[in-house]
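Chemist: The primary structure of each chain is shown beneath.
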Amino acid sequence: MQYLLDNFFAFTITGLTIGAVYALVALGYTLVYGVLRLINFAHSEVFMFGTFAALWIVMFLGGKGGASVGQVIFWVAMMFVAAMAMSGLIAVLLERVAYRPLRKRNAPPLIALISAIGASFVLAELMGLRSRVASWVGLDDNLRDYVRNSRNNAGMPTIIAPQPIFTIGGYHVTNVDILVIIGAIAIMVVLDQFVKRSRLGRGIRAVAMDPESAALMGVNRDRVIQVTFLVGGVMAGAAAVFYMLKIGITRYDAGFILGVKAFTAAVLGGIGNLRGALLGGFVLGLAENYGSAVVGTQWKDVVAFVLLVLILLFRPTGLLGESLGKARA
Amino acid sequence: MSTAPAQTLATSTKPNFKERVNGLPKGVKIALWVAFAVFLFLLPLLNIPFVTTEGSDFGGVLFTVATYVLVALGLNIVVGYAGLLDLGYVGFYAVGAYTVGVLSAEHASLPWLLAVPAAIVIAMISGVILGAPTLRVRGDYLAIVTLGFGEIVRLTLVNTQWLGGAQGISDIPKPPGLELFKVPSIDWSSGAPVIDLDTTSTFLKFGITDFVPYYWLALIVIGLVLLFDVLVKNSRVGRAWEATREDEDVAELMGVPTFRFKLLAFALGAAIGGLSGALFATKSGFINPQSFELILSILFIAAVVVGGAGNRWGITVGAIVVSYFPERFREFADFRVLVFGLALMLLAIFRPQGILPPRRTLRAKKADERQAILEEGEASA
Numbered sequence: 001m002q003y004l005l006d007n008f009f010a011f012t013i014t015g016l017t018i019g020a021v022y023a024l025v026a027l028g029y030t031l032v033y034g035v036l037r038l039i040n041f042a043h044s045e046v047f048m049f050g051t052f053a054a055l056w057i058v059m060f061l062g063g064k065g066g067a068s069v070g071q072v073i074f075w076v077a078m079m080f081v082a083a084m085a086m087s088g089l090i091a092v093l094l095e096r097v098a099y100r101p102l103r104k105r106n107a108p109p110l111i112a113l114i115s116a117i118g119a120s121f122v123l124a125e126l127m128g129l130r131s132r133v134a135s136w137v138g139l140d141d142n143l144r145d146y147v148r149n150s151r152n153n154a155g156m157p158t159i160i161a162p163q164p165i166f167t168i169g170g171y172h173v174t175n176v177d178i179l180v181i182i183g184a185i186a187i188m189v190v191l192d193q194f195v196k197r198s199r200l201g202r203g204i205r206a207v208a209m210d211p212e213s214a215a216l217m218g219v220n221r222d223r224v225i226q227v228t229f230l231v232g233g234v235m236a237g238a239a240a241v242f243y244m245l246k247i248g249i250t251r252y253d254a255g256f257i258l259g260v261k262a263f264t265a266a267v268l269g270g271i272g273n274l275r276g277a278l279l280g281g282f283v284l285g286l287a288e289n290y291g292s293a294v295v296g297t298q299w300k301d302v303v304a305f306v307l308l309v310l311i312l313l314f315r316p317t318g319l320l321g322e323s324l325g326k327a328r329a
Numbered sequence: 001m002s003t004a005p006a007q008t009l010a011t012s013t014k015p016n017f018k019e020r021v022n023g024l025p026k027g028v029k030i031a032l033w034v035a036f037a038v039f040l041f042l043l044p045l046l047n048i049p050f051v052t053t054e055g056s057d058f059g060g061v062l063f064t065v066a067t068y069v070l071v072a073l074g075l076n077i078v079v080g081y082a083g084l085l086d087l088g089y090v091g092f093y094a095v096g097a098y099t100v101g102v103l104s105a106e107h108a109s110l111p112w113l114l115a116v117p118a119a120i121v122i123a124m125i126s127g128v129i130l131g132a133p134t135l136r137v138r139g140d141y142l143a144i145v146t147l148g149f150g151e152i153v154r155l156t157l158v159n160t161q162w163l164g165g166a167q168g169i170s171d172i173p174k175p176p177g178l179e180l181f182k183v184p185s186i187d188w189s190s191g192a193p194v195i196d197l198d199t200t201s202t203f204l205k206f207g208i209t210d211f212v213p214y215y216w217l218a219l220i221v222i223g224l225v226l227l228f229d230v231l232v233k234n235s236r237v238g239r240a241w242e243a244t245r246e247d248e249d250v251a252e253l254m255g256v257p258t259f260r261f262k263l264l265a266f267a268l269g270a271a272i273g274g275l276s277g278a279l280f281a282t283k284s285g286f287i288n289p290q291s292f293e294l295i296l297s298i299l300f301i302a303a304v305v306v307g308g309a310g311n312r313w314g315i316t317v318g319a320i321v322v323s324y325f326p327e328r329f330r331e332f333a334d335f336r337v338l339v340f341g342l343a344l345m346l347l348a349i350f351r352p353q354g355i356l357p358p359r360r361t362l363r364a365k366k367a368d369e370r371q372a373i374l375e376e377g378e379a380s381a
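From first to last, the protein sequence lines are chains C and U.
At position 191 of the first sequence (counting the first as 1) the number is 191 in the numbering used here, and the numbers step up by one without a gap.
At position 327 of the second sequence (counting the first as 1) the number is 327 in the numbering used here, and the numbers step up by one without a gap.
The set of hints was computed from the structure by calculation and includes no laboratory data.
Warning: the hint list may mix true and false statements.
To be verified - In silico SDA-like cross-links for lysine to any residue, where the CA-CA straight-line distance does not exceed 25 Å:
1) K104(C) / I349(U)
2) K104(C) / R351(U)
3) K300(C) / K104(C)
With the sequences and hints as input, model every part of the structure.
Modeler: Set out below in structure tokens:
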């Protein structure tokens with residue numbers, strides 16, 4: 001306990017940075033759950049592909065430490081473009097291949113979970129076997145740096161050297177921490193406004209509330225669902241960039257545990273609720289860090305899940321309730 | 001349903017496979033069942049070409065398949081009968097395995113015959129402990145809470161030295177054997193079946209190299225659990241589960257104490273999960289937390305849903321698909337998981353009710369179609 005109090009700010013800041021990543025990934029779960037009422041089990045793989053896109057673009061552009069500010073900004077901007085494009089693409093493909101055929105056939109909801117599990121395996125394995133995939137298309141010579149050791153960790157050069165900006169309670173808050181936390185909140189404000197004000201956002205909310213009435217009012221359901229997947233994928237791409245900036249290491253199965261955590265965050269905040277996802281992500285990140293400071297790092301995940309169970313017992317719809325799909329709850 | 005137009009009720013008069021089997025005289029039916037059981041018992045010794053796994057010991061593979069079938073039977077009670085999505089079933093499996101480990105090797109030396117019932121009871125209690133608070137939350141949340149439970153169990157095993165920590169527990173004793181007689185196996189290497197008297201399995205000698213007796217043990221257990229399953233499903237309890245699954249509010253209004261029945265389903269499912277965990281621990285002789293990864297829960301759920309949740313034969317097929325095919329196609333080593341994932345997706349698209357859906361689902365689907373015809377007219381049918 002004393003350990004936690006002594007390093008309170010250190011745990012708070014790191015908790016918030018990882019919480020920001022959880023929150024952004026949680027948005028994807030929450031959006032899809034809102035419109036389709038299903039757990040998009042393969043969303044973690046969407047995130048994982050984003051981390052690789054971010055990594056590859058930095059490798060491609062020859063990113064390294066100690067570059068000028070302008071160059072670093074360019075690299076980070078390209079990371080966002082690449083990761084968001086990749087994750088968005090994968091998410092849309094996923095909807096097309098794994099979910100749309102099931103919807104057309106009126107499959108029972110549980111089977112969508114199986115399809116999602118299958119898609120998740122396929123995506124993770126494609127990444128884990130990327131050296132093989134490259135050799136099938138005869139590109140293994142050109143792509144050697146990108147595909148080698150496909151089963152192992154792939155690390156990214158630290159393009160932003162962590163520099164302390166200011167010190168709070170003995171913890172040096174670095175530029176990376178600030179970028180991640182502020183950036184995540186900014187992206188989420190934009191998303192919130194998008195869902196609230198834009199035409200497509202209205203469509204998403206309408207389908208979430210009542211798909212049949214929405215269809216009668218002229219909302220194209222398939223299109224809205226596709227946009228929802230795209231938006232969720234783009235958010236996962238942003239999360240992937242922050243993750244690579246902060247952690248810097250990824251692997252073909254890096255998405256799995258993070259996905260489970262992000263889904264936990266979504267449920268924690270109230271699934272289907274965008275602001276809930278933000279709150280849930282931060283609460284989960286903080287609770288995990290504080291908890292591991294008190295009872296030891298090895299219990300970190302246990303703390304997260306125990307918290308989830310406790311919150312669901314006392315507030316069964318999550319912290320903020322389910323707003324996107326309230327009418328059908 | 002009786003008001004449906006006559007022409008839609010007209011079904012083909014040709015008897016299907018099931019009707020034909022049911023139409024056989026009772027004696028023949030019993031004989032068929034006995035023959036099937038004998039075939040299952042002899043399967044590891046027949047070494048049928050193509051079916052037998054090349055790379056890994058076939059007896060061991062069959063044992064694994066049998067534990068999956070057992071797990072699927074337990075999970076079917078929770079998912080198929082009561083309609084509760086449990087993504088943390090591996091937790092109960094681990095509880096069963098570790099109970100046997102702790103009681104017979106790590107901290108006590110109970111005989112196997114006492115440790116296994118203890119494992120069942122403790123897994124059941126853990127099911128009640130998990131279910132009592134969480135079964136009140138809505139279905140989708142139950143999925144994530146149980147997922148969390150599975151992880152909590154695994155992490156607790158990793159981090160608790162009293163339970164062996166990351167090394168786990170070794171030297172778990174074998175069940176008592178009998179060593180009555182030896183069963184020869186069949187050798188196909190010459191192209192035709194030849195009885196091979198050198199490679200034998202002793203009837204009920206639980207050794208460390210020959211896994212066939214463990215498979216026999218698992219088969220017997222499966223038989224008992226199946227019997228139990230049939231009895232429970234056709235009882236008042238089974239009907240209460242069905243009512244709860246279809247519409248909880250209506251069931252409650254009709255006087256079904258839904259919460260208690262859900263808890264019962266959870267406890268029974270947990271008990272069977274614990275039993276299969278106990279068998280797993282017995283066969284492998286050592287257990288560590290790595291044997292109880294989250295992915296196993298996902299595979300268990302896949303077995304139940306792929307086979308057809310709610311149909312005990314369907315989920316048996318599902319369990320075989322999920323556990324046997326990855327072993328059989330080991331030569332694809334690297335691509336196993338990829339192919340498995342593709343297969344799951346294709347199955348979901350082309351067989352959304354599962355390989356063998358329960359009769360009730362088929363009936364409901366037909367009724368829906370009739371309803372659609374009534375509502376929209378013959379033209380759109």
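Chemist: Against this structure, judge whether each hint is valid.
Modeler: Results of checking the hints against the structure:
At most 25 Å may separate the alpha-carbon atoms for a hinted pair to count; K104(C) and I349(U) meet this at roughly 10 Å. Distance check on the hinted pair: K104(C) and R351(U) sit about 13 Å apart at the alpha-carbon level, within 25 Å; holds. The straight-line distance between the Cα atoms of K300(C) and K104(C) is roughly 42 Å, outside the 25 Å bound, and the hint therefore fails.
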